[in-house]
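Given the coordinates of chain C, assemble chain P onto it according to the supplied hints.
Going down the list, the sequences are from chains C and P.
Counting in our numbering, the first sequence runs without a single skipped number right up to 224 at its last residue.
Counting in our numbering, the second sequence runs without a single skipped number right up to 1187 at its last residue.
Derived from the structure by calculation, the hints contain no laboratory data.
Using N, Cα and C, we set each Cβ at its ideal position, and we do this for glycine too.
Heads up, a few of these hints could be off.
[As the list claims (entries may be wrong)] Reference listing, derived: stretches of chain C covered by chain P, where coverage requires no fewer than 3 residues with Cβ under 8 Å from a Cβ of chain P:
no.	segment
1	58-67
2	82-96
3	114-123
4	184-190
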Amino acid sequence: MFHTTLLPAPESRMPEPRAGERPPGERQPGAQVVVDLTGSRDRDLVTRIADGDEEAFRGLFRRYAANASALAKRIVRQPFLAEEIVQETFLAVWRHPEGYDEERGTVKAWLMGMVHHRAVDLVRREESQRRRAESAQAQDSVLEDADVAESVVEELGVPEERKAVRAALGELPPEQQQVIELMYFGGLTQSAIAERLSLPLGTVKSRTLLGMRRLRTALAGIER
Amino acid sequence: MMRDHELIEELIVARALDGIDPADERTLEHEQAAHGADCLECRRLEREYAEVAGKLAFAVAPEALRPELEDEIVGLATGSVARLEPPGGREPSIDGAQRRRGGGVLRPLVAIAAAFVLFVGGWAVGSLTSGDDATVPPGARVVAFEGANGKLAVAYRLYSAQNIVPSVLAHFDANNTAPMPVLYRLA
Chain C
1 MFHTTLLPAP ESRMPEPRAG ERPPGERQPG AQVVVDLTGS RDRDLVTRIA DGDEEAFRGL
61 FRRYAANASA LAKRIVRQPF LAEEIVQETF LAVWRHPEGY DEERGTVKAW LMGMVHHRAV
121 DLVRREESQR RRAESAQAQD SVLEDADVAE SVVEELGVPE ERKAVRAALG ELPPEQQQVI
181 ELMYFGGLTQ SAIAERLSLP LGTVKSRTLL GMRRLRTALA GIER
Chain P
1001 MMRDHELIEE LIVARALDGI DPADERTLEH EQAAHGADCL ECRRLEREYA EVAGKLAFAV
1061 APEALRPELE DEIVGLATGS VARLEPPGGR EPSIDGAQRR RGGGVLRPLV AIAAAFVLFV
1121 GGWAVGSLTS GDDATVPPGA RVVAFEGANG KLAVAYRLYS AQNIVPSVLA HFDANNTAPM
1181 PVLYRLA
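With the rest of the complex left out, here is chain C (with noise of 0.2 Å):
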């Protein structure tokens, strides 16, 4: 006879940066060299990476996990399932980092991207996955979620850019913000959108185009 005993929850933490290492998104004076230097060290890391460099890729993870998860969970709407996508996203970095294009954008972009891919990916297929993801999205913006995790945003020295970034949507047109977080953070195609909200398909496009202009020009220059 073998007795089962519930585990406790597991505790969490914080990534701690590695002795010597800079804490992620410290900063330095001169926002145009912490600009270079962040895209550099990013690029640095995954040159690394591709060399087998175990150290880098626990920088890389460091630096993005924390944020890659949130995402992730933002979009399934479960917390394990998040966990996977990061998992899987990571290990498709440690796997491929040639699919790293420098052409094509920052390291932020690129990992931020494959996990925003691959939640969507798993929402659409999965009807349970999709129904829940929809009703929670129907329900709130990321605007009002609850700061609750400021001293985790602090902690992760990512507090300017995330005020900017909702900074950035709050100032949308609603119709355009709406449209925006409906696809990115509800996983929505354009064309349910339109049938969501009982609109013309070009009316959605045309506003998510305005929308995404607007954040463009707002978010230039942002950086961590």
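Relative to chain C, chain P alone:
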């Protein structure tokens, strides 16, 4: 040409947000093929909107991760930890993810042949037989188990005063088992 890029921009935006419809995806591919892979404007639009989409990810507050997650993923990446694939080796999905998981990522795979009876929450599996005397160690806590086609997989963790050993997965052959649930996840 400018008009062409307005259409392409509209489609690139939708794709950057992963919200493009399949028909529009095909249209975008067609349009971009017509412009050629070297079209600087197309590449600029793709790069810029990918960046915008990437930044949107940071609108969500980052969350603390499980303490062991980093080591687990590094272990999987470097091959020091094997990945438990669900029966049939299906591609990752919600079902697959649920089967593989016990509240964390996939656990070290340890093939242990054993004989024991599992009794959880009033659900009895029955006698499970195999050809070896190895057993789940005393003090182990089962975090998940699943059964299919006469096989039972049990994930468990070992606890001691100072250490929590990462979860271990054991496979058992099971004879004459009652119908088992696809997954029991206890933690």
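To see whether the hints hold, each was checked on the structure:
1. 58-67: holds (count 6)
2. 82-96: Since 9 is at least three, the answer is holds.
3. 114-123: holds (count 5)
4. 184-190: Contact hint for the segment 184-190 of chain C vs chain P: holds, 6 residues under 8 Å.
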